[in-house]
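If you read the protein sequences in the order shown, they are chains F and Y.
Under the numbering used here, the residue at position 46 of the first sequence is numbered 46, and the numbers go up by one with no gaps.
To convert a position in the second sequence, counted from 1, into the numbering used here, add 305.
Take these hints with a grain of salt, some might be off.
With a Cα cut of at most 25 Å, we get these calculated DSS-like pairs of lysine-lysine [stated by the list, open to error]:
1. Y/K406 with F/K7
2. F/K108 with F/K268
3. F/K7 with Y/K612
Far from chain F, some chain Y residues (derived; all Cβ distances over 12 Å) [as the list claims (entries may be wrong)]:
4. M342
5. M361
6. H371
7. W376
8. F409
9. G686
10. G722
Label pairs and their computed distance ranges (CB to CB) [as the list claims (entries may be wrong)]:
11. F/F228 with Y/S414: 49 to 57 Å
12. F/R63 with Y/V468: 22 to 30 Å
13. F/N151 with Y/V330: 18 to 26 Å
No wet-lab data here; the hints were simulated from the structure.
Glycine included, each C-beta is placed from N, C-alpha and C at the ideal position.
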Amino acid sequence: MSNSQSKFTRWLNGEYLCGMDNPDNYGYQPVRKDTEIARHHEKSFTERMRDWIDNREEGAFDRARSFISFIFALFIIFAMLLTVSYLPSFGDPDNPVNNEVSRRYIEKGLEETGGVNIVGGMILDYRAFDTLGESHVLFIAVSAVLILLRNDRKKKGKSLDDKIYEPHVDPILRKVAKLQIPCVLMFGIYIIMNGHISPGGGFSGGTVMGAALILYYNAFGSEAMNRFFTYRTFRRVTVCALGFYAFAKCYAFFTGANGLETHIPLGKPGAILSSGLILPLNIAVGLIVCCTMFGFYSLFIREEI
Amino acid sequence: MLDFIQNFPLFCIIMTLFSGVLCSVLSARAARNCCLMVVSADGVLNAAVLVYTIRMGDSFTYMMGHFPAPWGNEIRVGVLEAMLAMVFSIVMLLSLLGGMKHIFEDVESTKVNLYFLMMNLLFVSMLCLIYTNDLFTGYVFVEINTIAACAIVMARKGNQTLVATMRYLCLSLLGSGMFLMGICILYDITGHLLMVSLHGAIEQLASSGQYAQPLEVVIVLFCVGLATKSALFPFHSWLPDAHGSSTSASSAILSGLVLKGYIILLIKIVYRVLGIDVFNSSKAINVLFFFGCCAMIVGSLHAMTEKDLKRMIAYSSVAQIGYIYMAIGLGSTTGMIAAVFQILAHAFTKPMLFDAAGGFMEVSGGSRKFSRLRGAGRRNGLAGIAFVVGALSMIGIPMFAGFITKYYLAAAAIQSGTKKLIIGLMVLAVSTLLNAMYYVPAIMVLFSRAGGNAQEGDKFTLICDKKNVSFVIAMAVFIAANLYLGCCSGTVIRLIQSGLNMLA
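This is chain F alone, in the form it adopts within the complex (with noise of 0.2 Å):
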């Protein structure tokens, strides 16, 4: 380009933005030459540690700046401890927590929801909806991991070889395990089923059986844990939960809006069939929990369910 332009012409043509010389020339250079980077290989680990710290250009700004993010975290820690000592003291119970909203949870939650948990019934009935919103956080965590580290190796043309992968047979894991699964299971299953007359539910249970599934992986390997529990079970028994967590839902939320009868018995408080949809909602609940769970763990592990 000529020199003659002016500064505006050439500012107008978009030279700045693609660079002052050569537009075609712009892209990726490699920085180092290959003599530089052989050299660079020869050296040790302590002597490129050095170049590194010597080369850092900014290394004063960034002191300054980490110590500056001190004082200003150790600030805000000071304000928001100020900040509680302002709040209304624990247990008092003229707090305005305690006000009608809670009081109708105590007082007729067993009798409008039939549940004897009341945290059951507060979360699985009357405020169904947050609920309905929070087990989808679940399905959306583990559906960005798979994103993130599904690895289709078949689909590649690779090996499928997981032996790296695979846990150690060991006789007295795979002893203790035996006995163990089956009492925890079941143990989830209780909780689960128990989850609108005791406490717990579908959160804490599905926990408790997700991690029988991760003993088990771990004591017996994947073959075998493919025999019942594979992607497409996965896959499938989220759907069919959540599916059937959506419309129930949508059922009684509409029935509710509408002023209509759900049909749906409460049963008699205590009872294992009794609640309504809580017990349903519970076991779907539960069987995501579950499912989320082995496969957080198995993505995690070996980048496949």
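Use these hints to put chain Y onto chain F, whose structure you have.
For chain Y alone, kept in the frame of chain F given last:
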């Protein structure tokens, strides 16, 4: 007995939620069709709700379950909510259509269905942020929104997106954390989560002067938390990486809609939880105004130094978000109208720019650098025209959407006190100039001939063949919507006004 039409928001939510889950077992193409169909159905249903609320002249609440509001959940729909939900569905549909080709190229083929799963759940979370009448419901869907937004950034193959996602995830979670902490403190001092009850309790606290310090902290936490998530100036560092490196549909949706979802939640909190008087008398409003102004300048300055088209557009988003916060910071009704209008205008403009950028990259060997993009506007004429329209709108040329925002912003500044008047108008003028200073050379580069060696691409070609039909539709509708917002803004402004009246 309710009118049947009042059930539509529930149907939208459940339908989108379930179709998202269903996408995980569908094939890629089926998932795409499912997603597109559901989003367009949402648009139609919300249009019906909009007409219904305009006719009724009032908002309605919808009980989610058998228990009335403070005990159960409820959602609330007025003119503003219905309009925003409708606009979001349209923009979502168009952004997906515009970037569809690149989705199938950029995302690993076995994971395309998961990409659409994320899109569906992202969309449902934004719908719920718009509809919500309960702070905690808002938080639950903020969580879904955060994870889904990160997932659509990292869905693109490559290492660059992973770094960008990591930064985005950290800052976004920091924002969610602050928002959650704000909810906790607010619940502790009022005992409510429902917006209406909260409003009553806060009015009482404000008049009695009790718990004044925690209340101020809550306002700060809400503002800072949501500002971090919507990339207001000092917290914007994640935005250019995340928006610049993802596939074009993701960039379009992240900048056009995801950022706005949080701002809408903030506007709802200002009107329905804190009350406009409490908010105006707090100091947070001045802080928002100040940082909004800074964002307008700093975002543009960063954009000027960028040599990468998508990162330049992303930095321009930082500036545009600044406009919204400055408008909110003015603390008047006109300011709020300007803010909501800017949300709409930016939602119709930025996705168009990003999708057009995708079109340019397609005809330039996938490069995002300006040096490789010389003449791309000629090779892909339609994207070129769309880019020009978008750039003119961003600069604020009359007849385009951006001008109306600036007009109302200036009007709101004039109505406010002297200090904000002077600062506001000056920053507005400078920022307009800066916008022109990076968009004009960009247009010049895109339309100039590609160097001395004459290539066949030098001819101006509108790419309108059968392969690109979805891109053509998206660009055409985006351009039309931009001109509509710029030329016939009266109706939209009236709708926003009545919507804001219903909100208060």
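* **Numbers of the earlier hints that this structure fails to satisfy, in rising order** => 1, 6, 7, 11
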